[in-house]
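*Asks:* Those protein sequence lines, which keep their order, are chains F and Y.
Using this note's numbering, read the first sequence as starting at 27 and increasing by one per residue.
Using this note's numbering, read the second sequence as starting at 27 and increasing by one per residue.
No lab work stands behind these hints: they were computed from the structure.
A portion of the hints provided could be inaccurate.
A pair holds if it fits inside one copy or across any two, identical chains being indistinguishable in the list.
Computed list of lysine-lysine pairs in DSS-like fashion (alpha-carbon distance at most 27 Å, straight line) [unchecked claim]:
#: 1; residue 1: Lys-80; residue 2: Lys-96
#: 2; residue 1: Lys-96; residue 2: Lys-296
#: 3; residue 1: Lys-296; residue 2: Lys-231
#: 4; residue 1: Lys-145; residue 2: Lys-96
#: 5; residue 1: Lys-281; residue 2: Lys-156
#: 6; residue 1: Lys-28; residue 2: Lys-40
#: 7; residue 1: Lys-230; residue 2: Lys-296
#: 8; residue 1: Lys-230; residue 2: Lys-249
#: 9; residue 1: Lys-271; residue 2: Lys-230
#: 10; residue 1: Lys-40; residue 2: Lys-230
#: 11; residue 1: Lys-281; residue 2: Lys-145
#: 12; residue 1: Lys-271; residue 2: Lys-95
#: 13; residue 1: Lys-80; residue 2: Lys-231
#: 14; residue 1: Lys-281; residue 2: Lys-37
#: 15; residue 1: Lys-230; residue 2: Lys-156
#: 16; residue 1: Lys-296; residue 2: Lys-40
#: 17; residue 1: Lys-80; residue 2: Lys-95
Protein chains: 2
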Amino acid sequence: MKIGYVQTNPKRGKREQNLESALALLADVEADVLVLPELFSTGYLFADREELSKVAEPTDESPTIEWMKKVAADKGCVVCGGFPELDRDNNRIYNSAVIVSFVGPLVHYRKLHLFDQEKELFDAGEMPPKAANIGLGVAGIIICFDWIFPETMRMLALDDAQVVLHPSNLILPHCQQAMITRCIENRLFAVTANRVGSEELNEKKLTFTGHSQIVAPDGTVLKQAGAEGEEVGVVEIDPNQASDKMVTENNHLLKDRRVDVYESLLYTDKERQGRL
Amino acid sequence: MKIGYVQTNPKRGKREQNLESALALLADVEADVLVLPELFSTGYLFADREELSKVAEPTDESPTIEWMKKVAADKGCVVCGGFPELDRDNNRIYNSAVIVSFVGPLVHYRKLHLFDQEKELFDAGEMPPKAANIGLGVAGIIICFDWIFPETMRMLALDDAQVVLHPSNLILPHCQQAMITRCIENRLFAVTANRVGSEELNEKKLTFTGHSQIVAPDGTVLKQAGAEGEEVGVVEIDPNQASDKMVTENNHLLKDRRVDVYESLLYTDKERQGRL
Chain F
27 MKIGYVQTNP KRGKREQNLE SALALLADVE ADVLVLPELF STGYLFADRE
77 ELSKVAEPTD ESPTIEWMKK VAADKGCVVC GGFPELDRDN NRIYNSAVIV
127 SFVGPLVHYR KLHLFDQEKE LFDAGEMPPK AANIGLGVAG IIICFDWIFP
177 ETMRMLALDD AQVVLHPSNL ILPHCQQAMI TRCIENRLFA VTANRVGSEE
227 LNEKKLTFTG HSQIVAPDGT VLKQAGAEGE EVGVVEIDPN QASDKMVTEN
277 NHLLKDRRVD VYESLLYTDK ERQGRL
Chain Y
27 MKIGYVQTNP KRGKREQNLE SALALLADVE ADVLVLPELF STGYLFADRE
77 ELSKVAEPTD ESPTIEWMKK VAADKGCVVC GGFPELDRDN NRIYNSAVIV
127 SFVGPLVHYR KLHLFDQEKE LFDAGEMPPK AANIGLGVAG IIICFDWIFP
177 ETMRMLALDD AQVVLHPSNL ILPHCQQAMI TRCIENRLFA VTANRVGSEE
227 LNEKKLTFTG HSQIVAPDGT VLKQAGAEGE EVGVVEIDPN QASDKMVTEN
277 NHLLKDRRVD VYESLLYTDK ERQGRL
């Protein structure tokens, strides 16, 4: 499986331009799976929910998904990337990502752990991330800040994911290093597709950290992009390596989990306080 | 709170000698909390359960705990370290560690995730790790290979631990780096007290990786020992820093956890297979 990140520099609100320059980056790229950043077609910073709602896309009428389908068809691959998802029926907007074949989405995920002011703009997802067969392996999605919660990728490992696709708009400096731990503790592959550049809004300026990367189940960084600049990186992996969960002859990383004593992991904050 | 690791090189089966040389290392050390390695008084490799049972200690008649109490009294501190614990009533032997004041154990933990051939020698613990007030802060214990399961330290964070004491006999190369992620994802301090040297038994030779370390809630490595040689490292920390779980103005690391969708984390392997 040839898998790659597409590190882009989206301009806020300029969907057409963002999709065009992403396409230009892909001109000579051959891959089976390509991962683009979180919100790669719309940019990241929005003044308020109203402004966000103007670029939000229903999944069945999404210019971003249509573009991804076309790329998938033209290149004979599957494409993963993020977009602001409008759920018209329930008046919700999610920070979502999909894995798309030329037919349509194979995996659909709504970000569970919203970062900072995303909480004022987006609704948080209500479902755990799910893994699915995407043709050459089993893959699932986490989005950006989900990385800091080990529970997110753990759920995908428990759902038999071999490869975790991780569209991101990273600002904090710790993620790239932490993803090595995430891969080791779950023994799976991860592709972090981060963006570069900055966005400004009122007094606020965010600079994104680049360094998109692909990590192997043993923690090896197979490929890493620079801190600045648009860039595509592709490596060949064998996703079946991720199905071997033996750390030693006697230690299976998932079967050794002690679910019989992990009960407190599911206590609500209130239940937790009640126990003190 | 002055907290430190004591990196030692135990000789197998020579308890008296191991305790003496640990004491010699502490001659000029001032600290409030000192952490020694896993099984620091007995060494690590045992041919079989029978050999192990000869050095296993009941908690109420433990030469290792008595030594720790004396060090605690003499130095006016608390002492943490590991020992093979004999539970006579149930004919069990645990890979245990305690945090001891001059009066006796304040925290007692039996290793949950046994590494490799430890499974043939020890019984695994049946209780989650618990945090307790040890005088100047709230602390809990994980032991060595527990590091690879994010659940272990997470349970301590959810039990309001500020500092995790981590007696170890590390062989794999990934732990020291991963503990940085563990501290960031839980925002707490961790002291890994690893051993150095080698042990041989029949065809088997294990070399321990040293690099004991103290990590802050923001991932900073405050102090790290060398790969070889006995060594004590002490730093002053403010454990209350670990009570601030805000990563941004809007993100509380524990309250942001989505226990409403984490259900699959507690599925047994059988339940998990049943769902496929």
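*Asks:* It remains to establish, for every hint, whether it holds in the given structure.
*Replies:* These are the hints, each one checked on the structure:
1. Lys-80 to Lys-96: Classified as within: same-chain Cα gap 23 Å, cross-chain 70 Å, threshold 27 Å.
2. Lys-96 to Lys-296: neither (48 Å within a copy, 41 Å between copies)
3. Lys-296 to Lys-231: neither (36 Å within a copy, 49 Å between copies)
4. Lys-145 to Lys-96: Classified as neither: same-chain Cα gap 32 Å, cross-chain 53 Å, threshold 27 Å.
5. Lys-281 to Lys-156: both (19 Å within a copy, 23 Å between copies)
6. Lys-28 to Lys-40: Neither way: Lys-28 and Lys-40 sit 30 Å apart in one copy and 54 Å across, limit 27 Å.
7. Lys-230 to Lys-296: neither (34 Å within a copy, 49 Å between copies)
8. Lys-230 to Lys-249: neither (32 Å within a copy, 35 Å between copies)
9. Lys-271 to Lys-230: between (44 Å within a copy, 23 Å between copies)
10. Lys-40 to Lys-230: Within one copy only: 19 Å inside, 62 Å across.
11. Lys-281 to Lys-145: between (36 Å within a copy, 14 Å between copies)
12. Lys-271 to Lys-95: neither (33 Å within a copy, 41 Å between copies)
13. Lys-80 to Lys-231: within (22 Å within a copy, 64 Å between copies)
14. Lys-281 to Lys-37: Close neither inside one copy (45 Å) nor across copies (33 Å); limit 27 Å.
15. Lys-230 to Lys-156: Close neither inside one copy (34 Å) nor across copies (42 Å); limit 27 Å.
16. Lys-296 to Lys-40: neither (43 Å within a copy, 49 Å between copies)
17. Lys-80 to Lys-95: within (22 Å within a copy, 67 Å between copies)
Taken one by one, the earlier hints fail for this structure at numbers 2, 3, 4, 6, 7, 8, 12, 14, 15 and 16, listed in ascending order.
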